[in-house]
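Knowing the structure of chain A, use the given hints to seat chain B on it.
Protein chains: 2
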Amino acid sequence: MDQVVNLPQGQMPQAWYNIQADLPWPAPPPLHPATHQPIGPELLAPIFPMALIQQEVSQVRWIEIPQEVLDVYALWRPTPLRRAVALEKELGTPARIYYKDESVSPPGSHKPNTAVAQAYYNKMEGVERIATETGAGQWGSALAFGTMLMGLKCTVYMVKVSYEQKPFRKSLMGLWGAEVHASPSNLTEAGRKVLAQDPDCPGSLGIAISEAIEDAVKDEHAKYSLGSVLNHVLMHQTIIGLEAKKQMEMIGEYPDIVTSCIGGGSNMAGISFPFLMDKLTGKKDVQAVAVEPEACPSVTRGPYRYDFGDIAETTPLLKMFTLGHTFIPAKIHAGGLRYHGMAPLICLLCDRNAMTAKAYRQNPVFESALLWARTQGSVPAPETAHTIHLVVEEARRCKRERKEKVILFNYSGHGHFDMAAYDAYLAGKLEDYSLPQEEIDKALKTVPVVG
Amino acid sequence: MDQVVNLPQGQMPQAWYNIQADLPWPAPPPLHPATHQPIGPELLAPIFPMALIQQEVSQVRWIEIPQEVLDVYALWRPTPLRRAVALEKELGTPARIYYKDESVSPPGSHKPNTAVAQAYYNKMEGVERIATETGAGQWGSALAFGTMLMGLKCTVYMVKVSYEQKPFRKSLMGLWGAEVHASPSNLTEAGRKVLAQDPDCPGSLGIAISEAIEDAVKDEHAKYSLGSVLNHVLMHQTIIGLEAKKQMEMIGEYPDIVTSCIGGGSNMAGISFPFLMDKLTGKKDVQAVAVEPEACPSVTRGPYRYDFGDIAETTPLLKMFTLGHTFIPAKIHAGGLRYHGMAPLICLLCDRNAMTAKAYRQNPVFESALLWARTQGSVPAPETAHTIHLVVEEARRCKRERKEKVILFNYSGHGHFDMAAYDAYLAGKLEDYSLPQEEIDKALKTVPVVG
Chain A
0 MDQVVNLPQG QMPQAWYNIQ ADLPWPAPPP LHPATHQPIG PELLAPIFPM
50 ALIQQEVSQV RWIEIPQEVL DVYALWRPTP LRRAVALEKE LGTPARIYYK
100 DESVSPPGSH KPNTAVAQAY YNKMEGVERI ATETGAGQWG SALAFGTMLM
150 GLKCTVYMVK VSYEQKPFRK SLMGLWGAEV HASPSNLTEA GRKVLAQDPD
200 CPGSLGIAIS EAIEDAVKDE HAKYSLGSVL NHVLMHQTII GLEAKKQMEM
250 IGEYPDIVTS CIGGGSNMAG ISFPFLMDKL TGKKDVQAVA VEPEACPSVT
300 RGPYRYDFGD IAETTPLLKM FTLGHTFIPA KIHAGGLRYH GMAPLICLLC
350 DRNAMTAKAY RQNPVFESAL LWARTQGSVP APETAHTIHL VVEEARRCKR
400 ERKEKVILFN YSGHGHFDMA AYDAYLAGKL EDYSLPQEEI DKALKTVPVV
450 G
Chain B
0 MDQVVNLPQG QMPQAWYNIQ ADLPWPAPPP LHPATHQPIG PELLAPIFPM
50 ALIQQEVSQV RWIEIPQEVL DVYALWRPTP LRRAVALEKE LGTPARIYYK
100 DESVSPPGSH KPNTAVAQAY YNKMEGVERI ATETGAGQWG SALAFGTMLM
150 GLKCTVYMVK VSYEQKPFRK SLMGLWGAEV HASPSNLTEA GRKVLAQDPD
200 CPGSLGIAIS EAIEDAVKDE HAKYSLGSVL NHVLMHQTII GLEAKKQMEM
250 IGEYPDIVTS CIGGGSNMAG ISFPFLMDKL TGKKDVQAVA VEPEACPSVT
300 RGPYRYDFGD IAETTPLLKM FTLGHTFIPA KIHAGGLRYH GMAPLICLLC
350 DRNAMTAKAY RQNPVFESAL LWARTQGSVP APETAHTIHL VVEEARRCKR
400 ERKEKVILFN YSGHGHFDMA AYDAYLAGKL EDYSLPQEEI DKALKTVPVV
450 G
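Protein chains in written order, with numbering that gives the first Met the number 0: chain A, 0 to 450; chain B, 0 to 450.
Okay, chain A solo, but in the shape it has when bound (with noise of 0.2 Å):
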């Protein structure tokens, strides 16, 4: 039996598909930081490239895909869809695994599919640098390898406690031509305000935000680039389940169960939402279940409210699942996943129950992670690790109830840029940590009151 799916680069899709069209409930809209207000393009104008604003907003079901977008793409895609035949066997179960190989990409992970696109868009608004924020590196390096193809520069402000335990991360940026500051950094106020309060502060996504697009307001040839959270970002990572969809019909399948990691969100929305499409629609059902770390549990712990994105409080509010947007993190390995909100579109998916989320904790996540190493071989990045946990969970239950199961997984990326965390794990020294109560609730009350 083949262990692959590959689907013909002729069938690759043209389009992405922008799940907006399909909500049977309203989104509830970014609002003004001051008015409350929901607010028009003209505010996010300064940021982004009029194409993404609209993309952000559109209800069309299906947005093309521009020719020189997918050029690139065929750099990789489609990528692989594998069978975890061993894994399966290792475990004993009657469940049938499927994962869909991001970790290919020349960067390893599933980020290019939305960085090749901002750069194109912006490229066409005649913006000549993007400045964004990363947290692993995962989504610098996507950016980096994007605007390289694309012509423009790149300005890079990495969470300094990744930027620490991850150099190799900033060395693929380099490489690709990027400029990468360890966040916070003296080169914006925001940065140079955290610093002034905690000179010894690891940094943060919503710090880390701050800065970047203090960096792009302040150059009118500069715009700025988020790797998660908003709803255009989610639509390009898109191209992962349609794919899926396509490779599985290949073989006859579909999944009970579609899942990854979230971070941000736009992983587990890319492998997740051509399938809710059939849910939405009434035409087939399908499990979606998210991941995320105990250290950082914004969906399953986090109440469903109106918040800033950043810790300046720059953004337009967001409805979305928040820990607070001044938390931060403990300096917990899973580096990727470590944001205090979460995309608005899993947020309304999770409220109304057409997804649920899972909160767990590192350890057992490496494990987890180990157990495939040594059976499929390959290295997984933690955040991956996390959506690994859960399908190991899941076809264990299978074993037990007798259950033949189809579980699809995004194997978002590889873990070679993450070997520390794997080498502390084996030395037995990954601290361990759930977030207390009394942590989120004091982020909480600097969230705003709205309505």
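Hints are computed from structural coordinates only; laboratory data are not their basis.
One or more of the hints may lead you astray.
Copies of the same chain are indistinguishable here, so a pair counts whether it falls within one copy or spans any two.
What the hints assert, rightly or not - Cut-off 27 Å, straight-line C-alpha distance, at most; resulting in silico cross-link-like pairs (DSSO-like, lysine-lysine): (1) Lys152 x Lys88; (2) Lys283 x Lys404; (3) Lys88 x Lys122; (4) Lys428 x Lys152.
Using the frame of chain A, we list chain B on its own:
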């Protein structure tokens, strides 16, 4: 036009190609180090399983790949054949450039093709542990991977300069359950002897081989394994070229030039031997070009003589282009291409002009690697960068001479664990080095005089 050709898993080759069956010239036999007479299997039996010794001398054209090995190959094989359209465009060349992407294996190189096979045959003969050496770490991680999947233990002696430059290659081996020691180590007589003379010795493959063999010989449950050089190792790699041949056929192409880098010679053998079969049997012509570093130029500057494979003079004498078995290369970053000798089969082909060799300096090699990373997107291993440099030179020649040549090369590995070398290059700090003649002359004095 599709940039990728995927071979269906069901069409994966079921046998390796043994070029010995088609050689028009007798291959010079390995000689006993003391008597200088051709050795029999009994001399190799303490360190290799009998199945591999038989493959080493076999004259049979096709050797069946065991099902259990095919099952493991299926974790990542067949590997994609890709066309480097973006690079062609950047160079404005009429050449068509194809590459076989061996970097997609879990250890990130072509090495597991033989590691898995060797682990299998050792297991079948009751071996419990395999000891080996590794240079840059690609081979060590591949054998760690292969032994783990076959349920064997693994001990790796890693050349010290790489052990220090590449801590995460070591992590990878540890994650897959192997024990890793910096070589020269205090664990063997061979290692202690070198350390007594030079406590700061950066190590060499020749030293590490001596250590691994000594370790294996001392333990009746252990055998030794070599990641390149020997006939059976080269043969296991032919699955690369056999797949590539099928893939080229699928799109109606045949290479004018087939090329790869040579350290011990196995990856070049893997991509080229199935095409050289056509040349040796008079069916088709192809130009086979091997690439080595000027810092370790065995084929381009060494004499074709019988020499030892290791520094402690424990191996049989092999007829090869050699820099002398006491040669210790400078601490160049292209860590994997540091062997004093070369696979006897590659040497024989070069001596008879069925293959040619070129040597390059490191900095132009990295320049081409960067050109690759900034067009094709992916980051090649420094070893692979040597190949890419030749491909770029040939493609430019095609442009000057207006020739539409078809170039096929082996993208033997990714550079995710070699970012320190890229950092050094980007900082302008990558030392360059062409081996001085007096160093060759000095090391050659220790080569035994045979016949």
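Here's how the hints hold up against the structure:
Taking the shortest alpha-carbon separations for lysine 152 and lysine 88, only the inter-copy value of 21 Å comes in at or below 27 Å, while the best intra-copy value is 47 Å. In this assembly of identical chains, the alpha carbons of lysine 283 and lysine 404 lie at most 27 Å apart only when taken from the same copy (15 Å versus 51 Å across copies). Taking the shortest Cα distances, lysine 88 and lysine 122 sit within 27 Å of each other only across copies (20 Å), while inside one copy they are farther apart (48 Å). In this assembly of identical chains, lysine 428 and lysine 152 lie within 27 Å of each other by CA distance solely across copies; the values are 24 Å between and 39 Å within a copy.
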